[in-house]
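Q: Chains as they are written, first to last, in this note's numbering: chain A, 1 to 115; chain B, 1001 to 1111.
A few of these clues could be false.
In silico lysine-lysine, DSS-like type, Cα no more than 30 Å apart, as pairs [what the hints assert, rightly or not]:
{"#": "1", "chain 1": "B", "residue 1": "K1103", "chain 2": "B", "residue 2": "K1003"}
{"#": "2", "chain 1": "B", "residue 1": "K1069", "chain 2": "B", "residue 2": "K1003"}
{"#": "3", "chain 1": "B", "residue 1": "K1052", "chain 2": "B", "residue 2": "K1003"}
{"#": "4", "chain 1": "A", "residue 1": "K15", "chain 2": "A", "residue 2": "K57"}
{"#": "5", "chain 1": "A", "residue 1": "K57", "chain 2": "B", "residue 2": "K1103"}
{"#": "6", "chain 1": "B", "residue 1": "K1003", "chain 2": "A", "residue 2": "K57"}
{"#": "7", "chain 1": "B", "residue 1": "K1003", "chain 2": "A", "residue 2": "K11"}
{"#": "8", "chain 1": "B", "residue 1": "K1052", "chain 2": "B", "residue 2": "K1069"}
{"#": "9", "chain 1": "B", "residue 1": "K1103", "chain 2": "B", "residue 2": "K1052"}
Just so you know, the hints here were simulated from the structure itself, not pulled from any lab data.
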Amino acid sequence: GAGVSQSPSNKVTEKGKDVELRCDPISGHTALYWYRQRLGQGLEFLIYFQGNSAPDKSGLPSDRFSAERTGESVSTLTIQRTQQEDSAVYLCASSSPQLGGGELFFGEGSRLTVL
Amino acid sequence: DAKTTQPPSMDCAEGRAANLPCNHSTISGNEYVYWYRQIHSQGPQYIIHGLKNNETNEMASLIITEDRKSSTLILPHATLRDTAVYYCIVRVYSGYSTLTFGKGTMLLVSP
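Please work from the sequences and hints to get the whole structure.
A: Written out as structure tokens, the structure reads:
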């Protein structure tokens, strides 16, 4: 597709369950970012990928959060043993070094609700 | 990355120009000014960026002061669809540097 695609768009889960969120970046974009946005709050950086390596994981809030990326393609954000405070919109973005890396293209997000 | 300061909210009448200010007094010589916006329930959208010269594209114009300590994003003819939170971010142009989003300015365009 032409843009960043995220799935699922909405996910409702019970506390303690594991969830996986998927991001398909724009083809050819080597950089991929995950952000989190709680209701009424700003964007929190979670993790950055360059290719399939993650040089910056500083934003992951706990060891329940992990992410991986296959080559320069799909990324999966996994949240284990979900808690109610994990409820948020999880946003993925990709960028190309040809654009200097500052022009990020965001997906529409995955809205996670933990009951 | 340098910190930015923006007013929390602004109002604009439909059809008028919206001028959104941003202060970035500690900007470094190699840092660019980026503007993004986030319409309700959508992901952020890139608008424009610049170093020191004024920039214009199909969405907006960016005016950067000569000392680069502040800038203004101009939406020349605001529409209701321009109602959004606007973020001003400074960042080095190349290499890895995450975009740090502050609280931004909530622009409300009214009929």
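Q: Against this structure, judge whether each hint is valid.
A: Okay, the hints, checked on the actual structure:
{"no.": "1", "hint": "B:K1103 / B:K1003", "in the structure": "holds, 11 Å"}
{"no.": "2", "hint": "B:K1069 / B:K1003", "in the structure": "holds, 11 Å"}
{"no.": "3", "hint": "B:K1052 / B:K1003", "in the structure": "holds, 17 Å"}
{"no.": "4", "hint": "A:K15 / A:K57", "in the structure": "holds, 24 Å"}
{"no.": "5", "hint": "A:K57 / B:K1103", "in the structure": "holds, 22 Å"}
{"no.": "6", "hint": "B:K1003 / A:K57", "in the structure": "holds, 21 Å"}
{"no.": "7", "hint": "B:K1003 / A:K11", "in the structure": "violated, 34 Å"}
{"no.": "8", "hint": "B:K1052 / B:K1069", "in the structure": "holds, 10 Å"}
{"no.": "9", "hint": "B:K1103 / B:K1052", "in the structure": "holds, 24 Å"}
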